[in-house]
Amino acid sequence: MTLKKKNETIKSKLKKFYQPYISVTTNDLGGLHSAIRFTLLCGRVMGLLPVAGLRNIKSHKVRFTLRSLYTPYYITSVLGQVLLFITTYMWIIQQGITLSNATNAVFYASSLVSSINLLNIGRNWPVLLRKVEEIESNLPPLSRKVAFLCNITTVVTLLAALVEHILSILHGFAIANSCDPDHVYENYFRQYMPWIFDYTPYALWKGILIEIINIQSTFIWSYNDLIIMTISIYLTGHFTTHNELLEKAVYQAHFSCEDFRTQHLKIVRLVKLINEQIGIYIVTSFGSNLYWICTQLFFSLNKTENGHLVPCKVAEVDVPNHQLVLWIDWITQILFFRLTYCNEHTIYFLYSFLFLAMKTMLVLLLAARVHSTSTEPLIILYNMPGNIFNIEVERFITQIKNIKVALSGLDFFYVTKTMILTLLGTIVTYELVLLQFNGQGN
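When we follow this note's numbering, the leftmost residue of the sequence shown carries the number 197, and every step to the right adds one.
No wet-lab data here; the hints were simulated from the structure.
C-beta: ideal position from N, C-alpha, C; glycine also.
A few of these clues could be false.
Label-pair restraints from in silico Cβ distances [said to hold, decoys possible]:
id, residue 1, residue 2, range
1, M557, Y578, 29 to 37 Å
2, E590, T625, 39 to 47 Å
3, V624, I362, 28 to 36 Å
4, M286, Y487, 48 to 56 Å
5, R465, M242, 45 to 53 Å
6, I362, T272, 19 to 27 Å
7, N334, T294, 42 to 50 Å
8, D455, K257, 28 to 36 Å
9, K341, R465, 20 to 28 Å
Work out the full structure, taking the sequences as your base and the hints as a guide.
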């Protein structure tokens with residue numbers, strides 16, 4: 197069956213069932229591929245997703261392949277993540293485990309795990325698309341606004357992440373310039389990447405190469421949450437469309453509760469099918485966000501460095517007592533360091549923490565909406581007039597109450613609004629524990 201005939205068949209099926217409630221057009225036939233195609237394409241551009249055919253509007257050309265010109269780029273990217281993972285852990289073993297040292301090791305470890313997860317998602321993505329489209333063929337069409345919202349979320353999130361990384365680089369260069377204005381690049385790379393240049397001779401090309409790999413790791417850090425955000429928007433769109441149709445149909449003479457109950461079950465099946473692929477991704481994303489929020493708060497409350505860069509100690513310069521010129525030069529260095537470093541550090545740290553907190557809350561709220569919108573039909577069904585309340589309505593109510601519909605992290609937890617409150621309580625508890633242990637260590 198050609199794609200055109202397939203769309204016409206879907207359109208005719210939808211019109212037969214939903215014609216009393218909506219006007220269906222071929223342009224409304226949005227699905228999973230159109231919703232998150234742009235998000236996946238961004239991952240491919242960054243060398244992290246070996247899935248071809250994403251530039252095509254239709255999904256029939258999407259395929260997972262390692263036999264293309266893209267493969268060397270992808271393999272190089274993965275090897276880069278492996279390299280940083282190994283070197284940071286070798287460095288932390290030799291230097292000793294501290295919270296500041298551990299932040300970099302955890303960062304690159306989570307990047308490597310996410311890269312492996314992306315490989316698994318890419319390998320199963322074409323098959324998942326076929327299964328999802330089979331279910332979508334019997335569901336009401338999604339509005340194109342869903343794909344637009346996913347694309348806007350992708351652009352805004354990645355731009356905010358780019359700004360965060362640029363501020364991190366400026367912060368590092370401000371410190372490097374304060375240490376030695378004649379060797380800014382060398383100081384930056386040596387301080388920012390000691391696990392490389394403590395064991396190998398410094399070279400500018402090495403620093404640039406490692407910085408490119410580091411940009412990919414930073415991209416993955418935000419990309420984890422972005423995948424969950426866009427999929428949550430897509431799934432919420434299906435429930436929202438279903439609920440709107442139910443609200444319009446419930447007072448009409450030809451209303452059939454059994455049909456809407458069946459449609460609700462199909463969307464539930466859609467949620468579970470997709471969640472089977474991204475469950476490990478949810479665990480990785482939420483665990484990483486929890487760790488980074490706790491460490492950022494700890495460094496802030498404890499008034500210490502943020503764990504990424506250690507500035508040189510300009511104040512330890514030996515100053516002769518009899519040379520006024522050197523005294524003035526020394527004071528100038530200290531003032532320059534304090535003003536530039538403190539300003540860069542404050543701006544970077546505040547933006548970084550706000551970006552992390554807002555990104556975490558956004559992914560939690562969007563994922564929790566899948567659960568909340570799945571239970572909204574209860575309000576509509578409870579408000580039905582008594583003369584049309586029947587056994588099918590009771591079955592629908594029982595179905596919604598007894599089937600847990602939510603994104604989950606490998607069934608260890610379900611992402612709901614209640615879970616968000618629990619997570620906030622966990623963050624407060626961990627902060628108190630960290631501060632207590634740090635006080636005992638001092």
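Q. That 19 to 27 Å hint for I362 and T272 (C-beta), does it hold up?
A. Between I362 and T272, where Cβ atoms are some 24 Å apart, the hint holds.
Q. Can the suggested window of 45 to 53 Å be confirmed for the beta-carbon pair R465 and M242?
A. violated (32 Å)
Q: Given the range 28 to 36 Å, decide if the beta-carbon distance of V624 to I362 lies inside it.
A: With a Cβ separation near 31 Å, V624 and I362 satisfy 28 to 36 Å, so the hint holds.
**Q.** C-beta pair N334, T294: status relative to the range 42 to 50 Å that was hinted
**A.** For T294 against N334, whose Cβ atoms are near 56 Å apart, the range 42 to 50 Å is violated.
Q. Cβ-Cβ distance between M557 and Y578: within 29 to 37 Å?
A. For Y578 against M557, whose Cβ atoms are near 31 Å apart, the range 29 to 37 Å holds.
Q: Mind checking the hinted window 39 to 47 Å against the Cβ distance between E590 and T625?
A: holds (42 Å)
Q. Does 28 to 36 Å hold as the CB distance between D455 and K257, or does it fail?
A. At roughly 34 Å between Cβ atoms, K257 and D455 fall inside 28 to 36 Å, so the hint holds.
**Q.** Satisfaction of the hinted span 48 to 56 Å by the C-beta atoms belonging to M286 and Y487
**A.** violated (21 Å)
**Q.** Consistency of beta-carbon spacing, R465 to K341, with hint 20 to 28 Å
**A.** holds (24 Å)
Checked against the numbered hints given earlier, the structure breaks hints 4, 5 and 7 and satisfies all the rest.
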